[in-house]
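Enquirer: Chains as they are written, first to last, in my numbering: chain V, 1 to 486; chain U, 487 to 736.
It is worth saying that the hints were derived from the structure and are not from the lab. Heads up, some of the hints might be wrong.
What the hints assert, rightly or not - Label pairs and their computed distance ranges (CB to CB):
#	chain 1	residue 1	chain 2	residue 2	range
1	V	Lys446	U	Asp625	25 to 33 Å
2	V	Lys147	U	Asp624	53 to 61 Å
3	U	Asp732	V	Asp445	41 to 49 Å
4	U	Val602	V	Ile83	51 to 59 Å
5	U	Lys619	V	Asn408	44 to 52 Å
6	U	Asp542	V	Asn408	42 to 50 Å
7	V	Glu478	U	Asp542	34 to 42 Å
8	V	Glu388	U	Ala676	56 to 64 Å
9	V	Glu26	U	Asp498	51 to 59 Å
10	V	Gln406	U	His693	41 to 49 Å
11	U	Asp625	V	Asp281	44 to 52 Å
12	U	Val602	V	Glu478	21 to 29 Å
13	U	Arg598	V	Leu422	43 to 51 Å
Glycine residues also receive a C-beta, built at the ideal position from the N, C-alpha and C atoms.
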Amino acid sequence: MSETSPEKNKGLPENALSGDYKYGFESSVEVDALPKGLDEETVARLSAKKGEPEFMLLWRLNAFHHWQNMGEPHWANFEYPPIDYQDIRYYSAPKKRGGAQSLEEVDPEVVKTFERLGIPLSEQKRLSGVAVDAVFDSVSVGTTHQKELEKMGIIFCPISEAFHKCPEIVRKYLGSVVPFNDNFFAALNSAVFTDGSFCYIPPGVRCPVELSTYFRINAKETGQFERTLIIADKGAYVSYLEGCTAPMRDENQLHAAVVELVALEDAEIKYSTVQNWYAGDKDGKGGIYNFVTKRGKCAGARSKISWTQVEAGSAITWKYPSCVLLGDHSVGEFYSVALTNNKMQADTGTKMIHIGRNTTSTIVSKGISSDGSNNNYRGLVKIMATAENARNFSQCDSMLIGNDCQANTFPSIEVRNNSATLEHEATTSRISAEQVFYLQSRGLDKEEAISLLINGFCREVFKTLPLEFSVEAVRLLEMKLEGSVG
Amino acid sequence: MLNVKDLHASVDGTAILKGLNLSVRAGEVHAIMGPNGSGKSTLSKIIAGNPQYSVDKGAVEYEGSTGTIDLLSLEPEERAREGVFLAFQYPVEVPGVQTALFLRAAYNAVCRHHGVEEMDPIDFDVFLHEKMKMLDMDDKFIDRAVNVDFSGGEKKRNEILQMAVLNPRLAILDETDSGLDIDSMKIVSAGVNKLRNRRNAMVVITHYQRLLNYIKPDIVHIFCQGRIVKSGGPELALEVEERGYDWLMK
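Next up, chain V with everything else stripped away, as it sits in the complex (with noise of 0.2 Å):
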């Protein structure tokens, strides 16, 4: 693909998105790293690294402990080789400044790096309808667009300046959609994060560019933990994009990062995620472990939370983004497309858990396995006792290329109140020669056809992501499956 200039590209990074996985080079940098390894001794240098306040301290602490007595959990559709959280390095920055005031500040290799993967970073040159936070190995090294968003009242920056710059808010919600304790590797996260964005929305404020965090894994054996926390008041509105890369190493890295979302009343967050990690080469070696906790609260009346993923990298991808619909009349949304190819392995769904009356929620997942991939939904809808009236649709699509990859859908439903609506809709596909035969009999040739059915089975997910996003979302998947139908 050619180079986009920035004035043009207005979603996320249009590069970050193609590709036979191009993605793969690794930048010289020299870095401030933790040994190996992982002790009360790790984590108390990692908080005194950051300068964080003392309950930060003292939280992190509480995690590590919590984490030590719980076991890795192996209920997911999956197999790995055991990981050695030893063996794990928790920290490695670019020397100079983390969290950098002016991007000068900043090691120009890490610079390049991201202006190698489609994102500026320097004033003069940053992409005009979105604000990026880069976060590169275990820190944030430049958030643009800050100045402007501050004049509306919008704190976007990376959270290890939030501590600083609001610690009362950081304090209030951090932990409290997802607990240090929720899950062996949200309590892991807990205690060893050391970057990622921030984002709060003052009442009524409606966000007027798209924000994002791009992340990018560059040191060997280093693991990258981040957190991101977003807070959306009352009326407020926000459009969040995530994207990530990571060299190609023939050795597996652990990626554990929480997500956590708070909508207050009237509120919403649009969440979407293109995930383009490293997935190993086709035989299997190497690529991301990606053990994601992502959980959004609709917390007031009438909020609303919408998560749209296209899941396209990672060796092994264990997540799900869900909803806790607390507030009456609130909505939340999933909408996902998981790709699996060579032996990618992916277990991804999402939890719509009702517990305000009125509450609505909609899951659209679609997944699409290919090669010896193995890729599974599950999913969980809980309508609690209090929940009076609530509705959810479920539809969970897969769709299967050639004869050695499997496709799962484990859906759960828990209701404790009668008065709920659920349906539910699940289909099995393949593409046919039939149709693609149908295809190229009016012209189209074999890619073009089988595109144009990709992209007809995603078309209810691909609608909900930003346009420029989804384009790229198409072509990322087309590369991907190039070679796969037979």
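Starting from the known structure of chain V, fit chain U onto it as the hints suggest.
Expert: Same frame as chain V, now just chain U:
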């Protein structure tokens, strides 16, 4: 325009066509009739390039944009771009793919092949609506996914709409009349007749002489066991309607 020479073809190892010869010139309409299993549809699929059918012997020559070409050496999409069109007997459902989008993608694929400028969505919308009017089709039709939840008649009409959009040089209509009520058949036939001109040719496969009252053929062929056993004028179709096929099968 089309020259089928001593064609032998099979599907899954069963021989279907056994030495077929057929010659179609520009401006002509040929009708093919014959009992079930005589190889009528097989011929249409081979001309369109369906990979499930294998050619064992013989040749198919076609007058393309650059002179005579060996049709069998082309991929299905290349044949389509060269002006070969098959109206499917059983049109295939394509979930999620909007009909208008599909038609424009197909139209532009043909434009690219001939080095002609592609049509943008707005111009195409106008162009498409003209064609739809000709076939008395509802506006909502093109917003629906291709053939999904279409009635039998709608599917067949959609095939003729595609034909109108792509304006082929050689069109093969494989039992386009089956499943159509009399009113739909009149509309579809009128549409087909409007597309007829001196530069293109049509091969109409049908079980019923009735269709040929609306689409008047120049030549009628009777298929039997993978061969043409008799050819004649339109009166041959009437004779077959009256007497059946038995007398031709000896």
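Enquirer: Could one say that the CB atoms of V:Lys446 and U:Asp625 fall in the range 25 to 33 Å?
Expert: holds, 32 Å
Enquirer: Taking the Cβ atom of U:Val602 and the Cβ atom of V:Glu478, is their distance within the range 21 to 29 Å?
Expert: holds, 25 Å
Enquirer: Could one say that the CB atoms of U:Lys619 and V:Asn408 fall in the range 44 to 52 Å?
Expert: holds, 48 Å
Enquirer: So does U:Asp542 sit 42 to 50 Å from V:Asn408, Cβ to Cβ?
Expert: The hinted range 42 to 50 Å holds for U:Asp542 and V:Asn408, with Cβ atoms some 43 Å apart.
Enquirer: Take the C-beta atom of V:Lys147 and the C-beta atom of U:Asp624, compute their distance, and say whether it sits inside 53 to 61 Å.
Expert: holds, 54 Å
Enquirer: Okay, U:Arg598 versus V:Leu422 on CB: inside 43 to 51 Å?
Expert: For V:Leu422 against U:Arg598, whose Cβ atoms are near 48 Å apart, the range 43 to 51 Å holds.
Enquirer: Is it true that the C-beta distance of U:Asp732 to V:Asp445 lies inside 41 to 49 Å, as the hint says?
Expert: holds, 46 Å
Enquirer: Could you check the hint for me, namely that V:Glu388 and U:Ala676 are 56 to 64 Å apart, CB to CB?
Expert: holds, 58 Å
Enquirer: The hint says 51 to 59 Å between U:Val602 and V:Ile83; measuring C-beta to C-beta, is that right?
Expert: holds, 58 Å
Enquirer: V:Gln406 and U:His693, beta-carbon distance inside 41 to 49 Å?
Expert: holds, 44 Å
Enquirer: For V:Glu478 and U:Asp542, compare the CB-CB distance with the range 34 to 42 Å and indicate the outcome.
Expert: holds, 36 Å
Enquirer: Please check whether V:Glu26 and U:Asp498 have a Cβ separation lying inside 51 to 59 Å.
Expert: holds, 52 Å
Checked against the numbered hints given earlier, the structure satisfies every one of them.
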